[in-house]
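In the order they appear, the protein sequences are chains A and B.
Per the UniProt record's numbering, residue 1 is the first one in the first sequence, and the count goes up by one each step.
Per the UniProt record's numbering, residue 1 is the first one in the second sequence, and the count goes up by one each step.
Please keep in mind that the hints were generated in silico from the structure rather than gathered at the bench.
Treat the hints with care, as some may be off.
Chain copies aren't distinguished; within one or between two, either way the pair holds.
25 Å max Cα-Cα, derived SDA-like pairs, lysine to any residue [what the hints assert, rightly or not]:
1) Lys197 <-> His320
2) Lys197 <-> Glu73
3) Lys16 <-> Arg69
4) Lys331 <-> Ser39
5) Lys7 <-> His320
6) Lys16 <-> Glu260
Being a predicted model, the structure only gives us computed values, none of them experimental.
Protein chains: 2
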Amino acid sequence: MDKRARKRWAILDVLKGAREPMSGGRVAAELAGRGMEISERTVRLYLRELDREGLTEHHGRRGRTITDRGRSEAEDSRALERVGFLSARIDQMAYRMQLDLATREGTVVVNTTTLPRSAVTPERLELVSEVFASGYAMGRLITLYMPGERYGRDQEIGPDEIGLGTVCSITLNGVLLRRGIPTYSRFGGLLDVRDGKPTRFVEIINYEGTSIDPLEIFIRSGMTDYTGAVRGGSGRIGASFREFPAESEEAVRSVASELEEAGLGSLMVLGGPGQSILDIPVGPDRVGAVIIGGLNPVAVFEESGVRVRATALAGLADVHRFFPYTRLAEKIGD
Amino acid sequence: MDKRARKRWAILDVLKGAREPMSGGRVAAELAGRGMEISERTVRLYLRELDREGLTEHHGRRGRTITDRGRSEAEDSRALERVGFLSARIDQMAYRMQLDLATREGTVVVNTTTLPRSAVTPERLELVSEVFASGYAMGRLITLYMPGERYGRDQEIGPDEIGLGTVCSITLNGVLLRRGIPTYSRFGGLLDVRDGKPTRFVEIINYEGTSIDPLEIFIRSGMTDYTGAVRGGSGRIGASFREFPAESEEAVRSVASELEEAGLGSLMVLGGPGQSILDIPVGPDRVGAVIIGGLNPVAVFEESGVRVRATALAGLADVHRFFPYTRLAEKIGD
């Protein structure tokens with residue numbers, strides 16, 4: 001992206017986050033706050049150009065708002081910046097997250113899924129519950145987003161939609177980071193499960209070589225088989241492979257069990273120093289771990305033929321908005 | 001994969017390729033031919049174990065055949081070996097392919113798609129034709145696989161199915177390789193098209209970091225928009241990014257136009273030395289190119305709600321079995 005495109009995109013991005021029309025001066029101030037110095041005059045020139053292209057709308061003295069086309073343009077333009085940098089986004093979210101496990105206050109990284117209200121049938125909710133009950137989810141908590149609510153980056157729940165939020169497995173990275181333990185997120189994969197036990201990864205996409213979350217795309221492409229995993233003990237689920245410094249093995253184990261106790265996730269497997277896990281080799285100075293994918297519970301919708309908008313690493317969410325998965329049906333009924 | 005698993009897998013793989021029951025001795029001979037020395041006695045022990053697990057079937061003196069479960073087991077076990085090596089498979093197929101553009105004899109790399117016969121409606125065939133006509137396909141040729149036919153690795157067309165084969169864009173790598181030009185296949189991506197022109201990649205997966213073909217998974221996950229691209233001029237199509245040594249620019253251009261003339265594909269964009277393409281930077285000693293994805297024409301099925309089994313780099317196919325896309329409806333009617 002050249003400099004000009006980057007400025008246009010930044011202006012659209014500011015307007016996208018605004019609930020009311022914004023003047024050129026306010027846009028310039030907001031950009032300065034983000035470390036991008038563009039004069040008010042230049043901002044206005046860009047805004048006029050964006051008006052002409054139908055990406056923003058001028059409401060006279062009240063300022064500008066973004067149009068639907070502008071919103072989708074801003075979304076698109078992000079893709080290039082995202083390319084190759086899923087690993088960077090992982091680190092960014094882990095850094096921004098703040099969770100105190102002792103007081104259970106703060107934020108966690110959330111995965112979101114938007115789906116038509118009509119697709120949320122009792123049968124499917126039952127399957128979602130079974131995914132949690134079988135231990136194929138990241139913890140035991142879930143949250144709901146209702147029509148009109150916005151979440152993550154720019155997603156808004158439509159009038160006939162409902163949003164589900166699950167704890168993203170990057171939450172573990174965030175907690176470890178606060179305790180000084182770096183996490184290397186190596187790949188996301190499709191994990192084969194037989195008789196309730198993980199056997200091997202059947203597909204793998206490295207976080208460093210992709211712009212899209214591997215689990216997100218495995219789910220969307222219908223390659224998962226949670227129905228089989230929870231009902232017959234054998235199937236395919238989303239999981240990720242992480243590595244930690246070998247010296248931190250005990251600390252990782254202890255943080256994982258604290259997280260588990262809080263209902264916010266757990267480790268599926270944690271190896272010893274240099275120990276291969278499911279045939280995946282690990283260097284001598286590291287320990288490897290397999291972690292359940294946070295998006296897992298919603299995969300059952302896609303498997304039963306519902307196209308969903310699932311987004312990993314969608315944003316941060318206050319830990320207080322989550323509730324136990326067992327109350328999901330009741331909460332949706334409210 | 002440990003040694004034992006590798007042997008089991010190799011035995012299943014031999015049986016999978018056989019049209020008739022095979023004795024333990026023949027399996028051992030075949031394995032030796034592949035450079036894997038296992039005694040006949042050991043092979044028989046493994047076979048008995050595989051019988052018990054329902055992966056092979058014993059037909060007395062005639063020998064063993066593989067069962068459906070065995071076949072799927074053998075397929076699965078390959079995944080781990082495939083991990084991280086899509087780039088290796090690309091090179092392997094390019095190396096095995098033999099095409100003489102002067103006489104138009106030989107083989108090309110083929111992508112295959114299996115779909116229910118009932119899904120092949122005139123409307124959808126019309127859309128497939130439009131993808132070709134709009135230049136969003138690799139060339140102008142296609143081939144059909146009928147019930148009972150096998151193709152690629154182990155796929156068999158079922159009684160109510162039909163298979164479509166399209167020219168894989170790796171065919172270009174193969175032709176260039178014979179002329180001494182190496183191709184670096186960098187990534188597969190989802191390319192945004194506006195008014196018939198490529199604008200930018202909106203998602204990217206590097207070939208070196210994935211076990212699954214990026215275009216295959218973009219199609220399966222419903223992220224493409226060919227219908228928009230061919231009917232309205234704007235949409236999202238599968239394309240890949242390759243690089244060649246800067247000195248070979250002219251040779252690449254000339255091979256590409258020979259391929260185009262033969263109906264076997266073309267380049268969408270070829271840059272100059274060190275020149276960025278669609279904002280993707282290219283090193284000073286290289287030229288970059290954007291190449292249309294070979295699987296593209298079949299994406300319209302997935303877009304209209306039909307789940308297809310699309311496989312990139314499925315195998316090699318004789319160039320004589322291909323015919324112009326304009327005859328597709330007539331050939332299917334036959």
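Hint check:
For a Cα distance limit of 25 Å, the shortest separation of Lys197 from His320 qualifies neither inside one copy, at 32 Å, nor across copies, at 48 Å. For the homomeric pair Lys197 and Glu73, the shortest alpha-carbon distance between copies (16 Å) is at most 25 Å, but the shortest distance inside one copy (44 Å) is not. In the homo-oligomer, the alpha carbons of Lys16 and Arg69 lie at most 25 Å apart inside one protomer (11 Å), although the nearest pairing across protomers, at 52 Å, exceeds that limit. Taking the shortest Cα distances, Lys331 and Ser39 never come within 25 Å of each other, neither inside one copy (48 Å) nor across copies (63 Å).
When the C-alpha separation of Lys7 and His320 is checked against a cutoff of 25 Å, the pair qualifies neither within a copy, at 37 Å, nor between copies, at 52 Å. For the homomeric pair Lys16 and Glu260, neither the shortest alpha-carbon distance inside one copy (37 Å) nor that between copies (44 Å) is at most 25 Å.
Taken one by one, the earlier hints fail for this structure at numbers 1, 4, 5 and 6, listed in ascending order.
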